[in-house]
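Peer 1: As a plain string of letters, each chain reads:
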Amino acid sequence: MRQEATALPLRVDGLRFAAGGVEILRGLDFALVAGAPTVIMGPNGAGKSVLLRLLHGLLEPTGGTLHWSLPRDEARRRQAMVFQRPVMLRRSVLANALYPLRLAGAPRAEQAARDALERVGLAALADRPARKLSGGEQQRLALARAWALRPEILFLDEPTAALDPAATRQVEEIIGAIAASGTKIVMTTHHLGQARRIAGEAMLLLDGRLNAQAPAASFFDAPPTPEAAAFLRGDLLW
Amino acid sequence: MMLAAGLIATGDQALLQIVGLSLRVSLTAVAAAAAVGLPLGALLAVTRFPGRQGIVVALNALMGLPPVVAGLLIYLLLSRSGPLGAMGLLFTPGAMIIAQAVLIAPIIAALTRQTLEMLWEEYAEQLRSFGAGVGRAVPTLLWDGRFALLTVLLAGFGRASAEVGAVMIVGGNIEGFTRVMTTAIALETSKGDLPLALALGVILMAIVLAVNALAQAVRDLADWRGA
Chain A
40 MRQEATALPL RVDGLRFAAG GVEILRGLDF ALVAGAPTVI MGPNGAGKSV
90 LLRLLHGLLE PTGGTLHWSL PRDEARRRQA MVFQRPVMLR RSVLANALYP
140 LRLAGAPRAE QAARDALERV GLAALADRPA RKLSGGEQQR LALARAWALR
190 PEILFLDEPT AALDPAATRQ VEEIIGAIAA SGTKIVMTTH HLGQARRIAG
240 EAMLLLDGRL NAQAPAASFF DAPPTPEAAA FLRGDLLW
Chain B
524 MMLAAGLIAT GDQALLQIVG LSLRVSLTAV AAAAAVGLPL GALLAVTRFP
574 GRQGIVVALN ALMGLPPVVA GLLIYLLLSR SGPLGAMGLL FTPGAMIIAQ
624 AVLIAPIIAA LTRQTLEMLW EEYAEQLRSF GAGVGRAVPT LLWDGRFALL
674 TVLLAGFGRA SAEVGAVMIV GGNIEGFTRV MTTAIALETS KGDLPLALAL
724 GVILMAIVLA VNALAQAVRD LADWRGA
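Protein chains in written order, with the numbering used here: chain A, 40 to 277; chain B, 524 to 750.
The set of hints was computed from the structure by calculation and includes no laboratory data.
Watch out, some of these pointers could steer you wrong.
Simulated restraints on C-beta separations [to be verified]:
id, chain 1, residue 1, chain 2, residue 2, range
1, A, Leu231, B, Arg571, 38 to 44 Å
2, B, Pro662, A, Ala162, 24 to 30 Å
3, B, Leu744, A, Arg248, 47 to 53 Å
4, B, Ala558, A, Ala44, 43 to 49 Å
5, B, Ile578, A, Ser108, 50 to 56 Å
6, B, Met586, A, Gly160, 46 to 52 Å
7, B, Ile697, A, Lys171, 50 to 56 Å
8, B, Ala736, A, Leu231, 33 to 39 Å
9, A, His229, B, Pro662, 34 to 40 Å
10, B, Met641, A, Glu62, 53 to 59 Å
11, A, Arg248, B, Ile578, 41 to 47 Å
Covered, in the sense of this in silico footprint (three residues per stretch, anywhere, with C-beta under 8 Å from a C-beta of chain B), are these stretches of chain A [claimed, not checked]:
id, segment
12, 215–222
13, 243–253
From the derived model, a few chain B residues whose C-beta atoms are all more than 12 Å from chain A [unchecked claim]:
id, residue
14, Val592
15, Leu600
16, Leu613
17, Leu642
Keep in mind that this is a model prediction, so the values were computed, not measured.
Built from N, CA and C at the ideal position, the CB exists for glycine as well.
Please build the complete structure, drawing on both the sequences and the hints.
Peer 2: If you want it as structure tokens, here you go:
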């Protein structure tokens, strides 16, 4: 773990977001601390993806504030994000992994990119055009590309929603390895089994509000709210 | 027709000279127009500012700029009493290059914007997540869109090499100096020298065909490469 100053913990105060007159997030208060992965659950349309984008700075809140432990720009540089549908640059696999490293001015970028590909099992495909990879391989490349940056925080927006079970398992293994390397994972999923496998902490978002936030063990074994219990039984708001 | 074939087969000197000048003028014009049009189109694809819509509409309208009007404007600029008259460019290949570049720069810029806007839609969030500003996004899009943009350049070349009005006005169709394929075809036809006109027509068609075949090959290569 880093000895230097860190962007976490993050304190979120009254976070709101509205678009086109529709309130998507209606005032969230919570904190994110370093450590085990935080998994954000909730039905479709609950605002999970919007929340990740607000935290990552891709969207500006319409109300409330994010208090990072570092200045905003510095905190921003310590984050990476992987999207539900991986965005593959029209370049080789290696060039994809290199792109953000070069952008960040990382030293020994090529070696870092090759190491990252190695860690996700794509080293042999380094020279292939990225867009010719399978869906699972593309998502692994997206993870390698983010991991190469050694981010303090990695946001994952439904990273396996478009993948088959085999690819999902590989991606989950990589997520576990990234978490073990000291990066804080913050991910959304609507897949309960996946949430149980990955989460160190669970959050439930319902209708733009934070319904529950608890350590995974207590969240799944003794749901903190009636809605969380109903959600876990699978009979709420699907 | 036989005479035309003979002219082509024997590599008639006047014919070769005309074809060579045509290619030189149009290729240089494409290069100049690309130097302006590609970055301008890419910039318009990634930025949102007041007045942007107006520029986009203006560029789209300029795509249909009649060549003779472009020729007239350049003529006025370059004529002895015009603002750039001192450069002595009127009735030179230089003037023809300028006229064609002015004609196709808006085409290249507008098509570039269209092409890259789609790419930007896909890339925007990821590039912003990487912390790339406009200054990095523009070269990234130009590079990643390179196959599609080559087609855009070929479209510009097609328009430039097929155009008569502008080069006629600013070049003057001077034999051995500013005579290109299109102006020669117009002149020889009206003079009644049909073999030369026909030979030039065949070559022009062949060039247009070759350009389109090249464009198709580039698209196929891009598909194959997954770009």
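Peer 1: Could you run down the list of hints and mark each one as holding or not?
Peer 2: Checked hints:
About 40 Å separates the C-beta atoms of A/Leu231 and B/Arg571, a value consistent with the hinted range of 38 to 44 Å. At roughly 28 Å, the beta-carbon separation of B/Pro662 and A/Ala162 lies within the given 24 to 30 Å, and the hint holds. Separation of B/Leu744 from A/Arg248 is about 52 Å and conforms to the stated range, judged on CB atoms against 47 to 53 Å. Range check, B/Ala558 to A/Ala44: Cβ separation about 46 Å, and the 43 to 49 Å hint holds.
For B/Ile578 paired with A/Ser108, a C-beta distance near 43 Å fails the hint of 50 to 56 Å. Distance hint check: the CB atoms of B/Met586 and A/Gly160 are about 48 Å apart, consistent with the given range 46 to 52 Å. Taken as a hint, the range 50 to 56 Å holds for the pair B/Ile697 and A/Lys171, whose Cβ atoms sit roughly 53 Å apart. Taken as a hint, the range 33 to 39 Å is violated for the pair B/Ala736 and A/Leu231, whose Cβ atoms sit roughly 56 Å apart.
The hint said 34 to 40 Å for the Cβ distance between A/His229 and B/Pro662, and at roughly 38 Å that hint holds. Roughly 31 Å separates the CB atoms of B/Met641 and A/Glu62, a value that falls outside the hinted 53 to 59 Å. Between A/Arg248 and B/Ile578 the beta carbon distance is about 43 Å. The supplied range of 41 to 47 Å therefore holds. Counting residues of the segment 215–222 of chain A whose C-beta lies closer than 8 Å to any C-beta of chain B gives 0; at least three are required, and the coverage claim is violated.
Counting residues of the segment 243–253 of chain A whose C-beta sits closer than 8 Å to any C-beta of chain B gives 0, which falls short of three, so the coverage hint is violated. With a cut of 12 Å on Cβ distances, B/Val592 stays outside the contact zone with chain A, its closest approach being about 38 Å. For B/Leu600, the requirement that its beta carbon stay farther than 12 Å from each beta carbon of chain A is met, with the minimum near 40 Å. Listed as a non-interface residue, B/Leu613 keeps its Cβ farther than 12 Å from every Cβ of chain A; the least gap is roughly 44 Å.
The non-interface label for B/Leu642 is inconsistent with chain A: the shortest C-beta to C-beta separation is roughly 8 Å, within 12 Å.
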